[in-house]
Amino acid sequence: MIKIIVDCFGGDRSPDANVEGALSALRKFQDLYVILTGDENILRSKLEGKVYDSERLEIVHAPEVISCDEQPTIAVRTKKESSMVKSIIMLRDRDDISGMVSCGSTGALVTGALVRLGRLKGVIRPAFCPILPTMSGSIVGICDSGANVEVDAAMLRQFAVMASFYLEGVYGVKSPRTALLNVGVEAEKGDAVRKEAYALLKDTAEVNFVGNMESRDLLGGNYDVVVCDGFSGNVLTKATEGTALELLKKLKRDIGTKLIYKLGALLMLKMFKQEKDFMNYQNYGGSVLLGTSKVVVKGHGSSKATAVEKCIEQAYRMEAGALGPRIEEALAKYEHYEN
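Position 38 (the sequence shown) corresponds to 39 in our numbering; numbering is contiguous.
Derived by calculation from the structure, the hints in this document are not laboratory data. Wrong hints could be hidden among the right ones.
Now the in silico label distances, taken between C-beta atoms and shown as ranges [said to hold, decoys possible]:
| # | residue 1 | residue 2 | range |
| --- | --- | --- | --- |
| 1 | Thr74 | Asp278 | 34 to 40 Å |
| 2 | Asp255 | Asp278 | 16 to 22 Å |
| 3 | Asp54 | Asp255 | 45 to 51 Å |
| 4 | Pro326 | Thr74 | 27 to 33 Å |
| 5 | Asp17 | Gly322 | 27 to 33 Å |
Where a beta carbon is used, it is the ideal one built from N, C-alpha and C, also for glycine.
Sequences and hints are given; from them, build the entire structure.
Now the structure itself:
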């Protein structure tokens, strides 16, 4: 049985989306056990009338909530009865629990994970790795997307190793094509960190390194993993998501300007729905925090039930694929390995 904790009071649509997503995941995986954290009375009221296997669901009372406008370090230190901190502490202390999912404060989650969970053996710094759809119908992972604003070359190599194992183990991508985000595709481009990272990645057996990548090529389908610092990765991810959403809005506005456009759209209604679903981040789960001692998945703050279910599935598949031990074994081979 794989046990996953769901922080039910993190996110704009909590606890409804968190509870519904958890129940959907329970129906999908028969060897999944879910622990819901949050105000017990509220959670039990949300479960009333729902059909689920009560032997695979547990509620842990956690009456406090960490909001996104709180200072992360203070919140993690003082709000020990919050649904997020209680989830992290349980994840640390119970060997039978494999991972957790939260759609709450990113800062608090990272702080709590680093301070209370710690890192996998050999990991310099954990990194976020969200997934985006590409125009070829595949997916691409961006590592890092916000956990580490400043990096060195050794960290970038570790991000590449961890993300490569993640894409292969969770999504079945064989030998993921891994690129380094840079200002040009030529090997000599970039600053000293990028140049050193390029040389390291060429010499990393676990990584199918295909060279530098410019940001405009992210969604082309030619890459499975893009490695970068957290600042650049966060900007890249949000700029890409924002551009896609604005293009959809413009298309919708333009269709309404002429009758012939409306008639054409009516004939293409099924295709438009497919494209909308394809570009909807809710269908791709959350951003995993690669490199922590146990599995942590950060869902988007506005996650609906579908996204929460996908986050739980990500955590489930990471544990089922023994991702942590594989990462530790790979990193032990390299110079910057830490005991």
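Results for each hint:
Between Thr74 and Asp278 the Cβ separation comes to about 39 Å, which falls inside the hinted range of 34 to 40 Å. For Asp255 paired with Asp278, a C-beta distance near 21 Å keeps the hint of 16 to 22 Å intact. Asp54 and Asp255 have their C-beta atoms about 48 Å apart, which keeps the hinted 45 to 51 Å range intact. With their beta carbons about 30 Å apart, Pro326 and Thr74 fall inside the hinted range of 27 to 33 Å.
Against the hinted window of 27 to 33 Å, the Cβ-Cβ separation of Asp17 and Gly322 comes to about 30 Å, which satisfies the hint.
Comparing the model with each earlier hint shows no violations; every hint is respected.
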